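Colleague: What follows is each chain in one-letter form.
Number of protein chains: 2
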Amino acid sequence: MRIIGIDPGTGILGFGVIDVLANNKLKMIDAGVIRTPVNQEDFLRLETIYQELHNIIDSSKPNTMAVEKLFFAKNVRTAMSVAQARGVVLLCGRQAKLNIYEYTPLQIKQSLTGYGRAEKKQIQEMVKVILELKEVPKPDDCADALAAAITHAMIKQ
Amino acid sequence: MRIIGIDPGTGILGFGVIDVLANNKLKMIDAGVIRTPVNQEDFLRLETIYQELHNIIDSSKPNTMAVEKLFFAKNVRTAMSVAQARGVVLLCGRQAKLNIYEYTPLQIKQSLTGYGRAEKKQIQEMVKVILELKEVPKPDDCADALAAAITHAMIKQ
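Just so you know, the protein sequences line up as chains D and X, in that order. Numbered per this note's numbering, the first sequence finishes at 157, counting up by one with no gaps. Numbered per this note's numbering, the second sequence finishes at 157, counting up by one with no gaps.
Hints are computed from structural coordinates only; laboratory data are not their basis. It should be emphasised that the depicted structure is a prediction, and the values quoted were computed from it without experimental measurement. If a hint is listed, it holds; no wrong ones were tucked in.
Derived pair list, reagent style BS3-like, types lysine-lysine, alpha-carbon separation capped at 30 angstroms:
#, chain 1, residue 1, chain 2, residue 2
1, D, K156, D, K69
2, X, K69, D, K69
3, D, K97, X, K97
On the chain D side, residues computed to face chain X include the following (Cβ under 7 angstroms):
#, residue
4, L46
5, E47
6, Y50
7, M80
8, A83
9, Q84
10, R86
11, G87
12, V88
13, L90
14, L91
15, R94
16, I100
The beta-carbon is built from N, C-alpha and C at its ideal position, and this holds for glycine as well.
Please build the complete structure, drawing on both the sequences and the hints.
Modeller: Have a look at this one:
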């Protein structure tokens, strides 16, 4: 199974691709971000996300997508912007015929650390340990996307 | 100028197409809704919206899109769902090379009635009067979509 994890956002969208190996070990295949200019109109930024995400899926060939799902945010304007991007992400995944799963931050924290109130830094450290990386992937959005992918691998094992 | 107005939503999405005639009168060309089943996964519902909206744009051939923009909602879960659909709507408009404009409920109320705190029913009555219709278009989502299109026509005149 090859999983692409997504941390949605309009200004910066994180993605991380992992393989579930025969021994149930997880291996990082790719990780990165899609950035869009802050001064651009939403429809242009969403078009960029759509095109770039399709390119990433075409080249890394996952069969499964794990997307972080957020129901609450301190800043409603930011939450709306994230949700618009997530709409486009789900559409891309569907058009690429991926199996799509959504996980809340609570589910991701619990899967990676066994503790629903874990700090962001603990999650990132666990991503490094689980994937046997030398460093925590940067920027944070990459690590968050990988955490969503790892969550799916752990829940489905 | 032919304008398609959109009232975004995942369960029901309203659209309304109007022409701005040479004498600046407005004429309704089409109006309707896209419905998706409540028990379906978001990614399936967003795919339906994407496909149907592209079909509607292909057949009604607008050059401009006016989308209702919402920053606040009593129910965050609903707001997120509406924003996901709006992400897909903006993407469709961009892919169809439409000029895209977003209007808040306040702007729509002020344009149609001159009064920012107008009731929903007053807006719908104004849609009927301005477009010289025999009845208020039903369901409400159609009338709201036409109101967004009318707002663009009035602001740009």
